[in-house]
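Colleague: Single-letter residue listing:
4 protein chains.
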Amino acid sequence: MTFNIVLAGPRGRMGRETIKMLTKNTSDFNLVACIDNKNGGKKLKDLDSEFFNLEIPIFENPLQCFEKVNTNLFLDLSVTNASFNNSKIALQNLIYTVVGVSGLEHEQISQLAVEAEETQTGCIIAPNFSIGAILMMQFSQKAAKYFPNVEIIEKHHDNKVDAPSGTLINTIDLIKKVRETITQGSPQESENIIGARGGEVDGMRLHSVRLPGLVAQQEVMLGGSKQMLTIKHESFHRESFMEGIQLALKEVINLKTLVYGLDNFIE
Amino acid sequence: MTFNIVLAGPRGRMGRETIKMLTKNTSDFNLVACIDNKNGGKKLKDLDSEFFNLEIPIFENPLQCFEKVNTNLFLDLSVTNASFNNSKIALQNLIYTVVGVSGLEHEQISQLAVEAEETQTGCIIAPNFSIGAILMMQFSQKAAKYFPNVEIIEKHHDNKVDAPSGTLINTIDLIKKVRETITQGSPQESENIIGARGGEVDGMRLHSVRLPGLVAQQEVMLGGSKQMLTIKHESFHRESFMEGIQLALKEVINLKTLVYGLDNFIE
Amino acid sequence: MTFNIVLAGPRGRMGRETIKMLTKNTSDFNLVACIDNKNGGKKLKDLDSEFFNLEIPIFENPLQCFEKVNTNLFLDLSVTNASFNNSKIALQNLIYTVVGVSGLEHEQISQLAVEAEETQTGCIIAPNFSIGAILMMQFSQKAAKYFPNVEIIEKHHDNKVDAPSGTLINTIDLIKKVRETITQGSPQESENIIGARGGEVDGMRLHSVRLPGLVAQQEVMLGGSKQMLTIKHESFHRESFMEGIQLALKEVINLKTLVYGLDNFIE
Amino acid sequence: MTFNIVLAGPRGRMGRETIKMLTKNTSDFNLVACIDNKNGGKKLKDLDSEFFNLEIPIFENPLQCFEKVNTNLFLDLSVTNASFNNSKIALQNLIYTVVGVSGLEHEQISQLAVEAEETQTGCIIAPNFSIGAILMMQFSQKAAKYFPNVEIIEKHHDNKVDAPSGTLINTIDLIKKVRETITQGSPQESENIIGARGGEVDGMRLHSVRLPGLVAQQEVMLGGSKQMLTIKHESFHRESFMEGIQLALKEVINLKTLVYGLDNFIE
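Protein chains in written order, with our numbering: chain A, 1 to 267; chain B, 268 to 534; chain C, 535 to 801; chain D, 802 to 1068.
It should be emphasised that the hints constitute simulated quantities derived from the structure, not laboratory data. Even glycine gets a Cβ: it sits at the ideal position worked out from N, Cα and C. Do not take every clue at face value.
To be verified - Just so you have them, the derived chain C footprint on chain D, three or more residues with Cβ under 8 Å:
#1 926-937
#2 942-955
#3 1025-1038
Claimed, not checked - Label pairs and their computed distance ranges (CB to CB):
#4 GLU447(B) <-> GLN92(A): 33 to 39 Å
#5 GLU589(C) <-> ASP48(A): 24 to 30 Å
#6 HIS106(A) <-> ASN564(C): 57 to 63 Å
#7 ILE910(D) <-> LYS790(C): 42 to 48 Å
#8 ASP46(A) <-> LYS572(C): 28 to 34 Å
#9 VAL445(B) <-> GLU67(A): 42 to 48 Å
#10 THR257(A) <-> TYR527(B): 35 to 41 Å
#11 TYR260(A) <-> ILE716(C): 56 to 62 Å
#12 GLU447(B) <-> VAL979(D): 48 to 54 Å
#13 ASN704(C) <-> ILE995(D): 42 to 48 Å
#14 ASN704(C) <-> HIS106(A): 55 to 61 Å
#15 VAL979(D) <-> ASN704(C): 23 to 29 Å
Chain A with its partners taken away, still in its complex shape (with noise of 0.2 Å):
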């Protein structure tokens, strides 16, 4: 069976390399139209030279792109808000989906839940499309059972505004699930240069690293007696995502329900 797929978000950065990756791809995939919410009646060869030869149209509302071409998969890298809503009718039209936004309010992903339950048609909202950062944050639950003695240190380029990163944060938030609650470190411990022994959560340190020569890592180190497990995940650039939105939409067609995560389908 070939898949016919339907792509929002043609112009972020997401997006493009989506393109890339879908106009490149050998596989059953093939992309026959996006949804923008301007290019309205364009091609994709109109938007950038890198796409000269890529006929592919340019709708900017979805019921009309649904009914126009022949499709079976939808794959939504807008915004938050349009995502919402082409995905909706995307269910509606018993097209299955793959949402790749973060941001989707609970009552949103409540209503794509009843939708996908109701038309029997799968869909998959995917926050986080990175396998090798899935890997990890599983990993460190399940290490932190063992080992509750754990420390994050997260690395980025210097121009990187939030610290600690949101995959930190997402880290300690599992690894708090499982964790035994211990006080670490030192009773004694002081601070000779405030902010040494970094930010805190639950007894767990976390260091953010921001230097010019970097692109995106995380490490996750555990300490037991006299040995340490570390777990780190390097990105260098965000084709790293491509392998984890292959992944969903591999998925996403055995479905008939929604799922949040693309975690549930890497076990």
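Position chains B, C and D against the provided structure of chain A, taking the given hints into account.
Modeller: Below, chains B, C and D without anything else, positioned relative to chain A:
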């Protein structure tokens, strides 16, 4: 319930470390006797000045030991053949048994399994007590499903004779069970200096570093599109095995059959 | 004083990166012309859409170029033979010259040295513009005096054909100059899997890792009694060479002779 | 020439390690006596079963010691004040002196310098005997000239009370002497969890990790354009200081004045 432990192999390095742990421990474990192929009739305090205050008796004959002392838990850290014999007798006497030697033959393991089954007495054979190393191997195996490009570097002190280490070989064996067979590296690849690309098993590359200053560590690197996942375990002292021994002792008393490998209890 | 630069090799990857740097740069450097073995008479904007606003003229004949444009600084990033010829003419015209190609023969270097000497015009030949890699090599060399047990791991993307890398070989060569010759590892050492202990030069061991996801890095490990010193350089993009090119351009204008190697300016 | 050494501080951890080294050593060093603030009249074998075969005498009075035994080399590993007194008397008796304590005051150092000068007797004060740590600091200082974006992570066992470590503070002090002052990180940077970005000195960021399983290590990271240079030192045992003590002993006998810091001999 208090557990009265008999330990075989009190003079080995693991045995000595375990004696320290058991006699320091404030938990339910209580070391009541040792089995040794010499020193029968002596006490632990006669073996080493470190044990100066330990009045624990030493037996050469396991059956005699199990009859004389009140015990319900047996831990064998001796050598392969003695271990088989000791453990068989322990199980026949309905004593929970943890065997911490490697090198038991299939036939011997089968016999112990039958003995455990018939007496409904739990037995764990654990050739590796390092929880950290077990986690590293489990994580590597799982990650290799998604990232089949694998290289492993193990680093040890420069007195180590064999290369690669047993742990590296075990890791490779586990990964091979699940990894899609692929060709790694460039097809045009060539070595200007022989051995530069390391050893090779099923396309995976492995490297052994031997330097003074090092103790024991292993690093499993898994490469994907523009991302790297690295799982690293460092062990600084055999004290790191104590957490695994404690886990085995806690688990064996809930068993009625034989289980091979501590990894079965790390889920 | 403003420096008007002529660049040879505008179509190569280093050349393109350098054009971006020089035309972005707010410093005293001012790109006034390029030398190319084709495209004479065209302008940079004709070569690549990325350079759409660069009216900088291209010459095929270096002498003609140096006569037509007002220049005092020449940077050659072309290929070996063209580079020798271009640089000789530049020096004869009293233009400071930085040559960024590897592969010049001894005889060619000697001729350029004579030319520089006679015209009292500074010339730097820099086969390696990576300041980070140069520091790594200098540090490794110095440390090996105190810690002669050395192993090196270099890691590159899996399209790299040669193993080990040129940088690793250069590092080994530098270390050999100062390192006390010793036998590393255990005399009883044996490989269960051929190649596990890596390649060997003068007792030092070297390992090449090739995985997708990696870019380029090298790690020099020096072991002492219960201690390890590790020097690691990671390069993520050829943009990392720009700092070295800037250093060469700033240094050459203070010279009256030829200097081989950027390392001479990193003290 | 044979060197007859007197050692002060035989009961401290460094002292004990050094006794093992000196009495194992097949070199020209020959331990002839110890100075201790108690145990005068006893021998080393009376202090510890480990030294059961060492008939080396212990003195409480340094002057008496230097008069009674034939010595030309004095190594002080005691505590600050005793150390000052011992060393002064050694120098007055024309005995080469290595002082391995930290915490001497400027005034005390000056007095020892005068003593050394007047007697033309070499003296080295070395608050840090770790050659690896000294190299790490020297390399970090040099690299920071080229890569002024610096972050440092030090990792220690979780019984360590102070954060950051003394070595980290020394490293920062050395770097500050040569580093161009810059603002690191994004100007918009903000911490969602207080302390995430670590401590700060002159724009440089520093992080202290405390976990069981760790011994002592420090990692200096220097970021450039698309490149990273990392210098890492790991110490697993105080045995790692022995190489530094040997270096000091070999160097002091060529001196006629006082030199502060072992780094002066590592070039």
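Colleague: A range of 42 to 48 Å was offered for this pair. Does it hold for the Cβ distance of ILE910(D) and LYS790(C)?
Modeller: holds (45 Å)
Colleague: Has the hinted range 42 to 48 Å been met by the Cβ atoms of VAL445(B) and GLU67(A)?
Modeller: The hint (42 to 48 Å, Cβ to Cβ) holds, given that VAL445(B) and GLU67(A) are roughly 44 Å apart.
Colleague: May I ask you to test the hint 23 to 29 Å on the CB atoms belonging to VAL979(D) and ASN704(C)?
Modeller: Holds - the Cβ-Cβ distance for VAL979(D) and ASN704(C), about 26 Å, lies within 23 to 29 Å.
Colleague: Taking a Cβ-to-Cβ distance below 8 Å as contact, does the segment 942-955 of chain D have at least three residues touching chain C?
Modeller: It holds: at least three residues are needed, and the segment 942-955 of chain D offers 4 whose Cβ sits within less than 8 Å of chain C.
Colleague: Checking C-beta pairs, does the segment 926-937 of chain D have three or more residues closer than 8 Å to chain C?
Modeller: holds (count 5)
Colleague: Using the Cβ atoms, figure out if GLU447(B) sits within 33 to 39 Å of GLN92(A).
Modeller: holds (38 Å)
Colleague: Taking a Cβ-to-Cβ distance below 8 Å as contact, does the segment 1025-1038 of chain D have at least three residues touching chain C?
Modeller: holds (count 14)
Colleague: How does the Cβ-Cβ distance of ASN704(C) and ILE995(D) compare with 42 to 48 Å: does it lie in that range?
Modeller: holds (45 Å)
Colleague: Using the C-beta atoms of TYR260(A) and ILE716(C), is the stated range 56 to 62 Å upheld?
Modeller: At roughly 59 Å between Cβ atoms, ILE716(C) and TYR260(A) fall inside 56 to 62 Å, so the hint holds.
Colleague: Given a hint of 55 to 61 Å, does the C-beta separation of ASN704(C) and HIS106(A) actually sit inside it?
Modeller: Taking Cβ atoms as reference, ASN704(C) and HIS106(A) lie about 58 Å apart, which means the hint holds.
Colleague: Does the hinted range 35 to 41 Å hold for THR257(A) and TYR527(B) at CB?
Modeller: holds (39 Å)
Colleague: So does ASP46(A) sit 28 to 34 Å from LYS572(C), Cβ to Cβ?
Modeller: At roughly 32 Å between Cβ atoms, LYS572(C) and ASP46(A) fall inside 28 to 34 Å, so the hint holds.
Checked against the numbered hints above, the structure breaks none of them.
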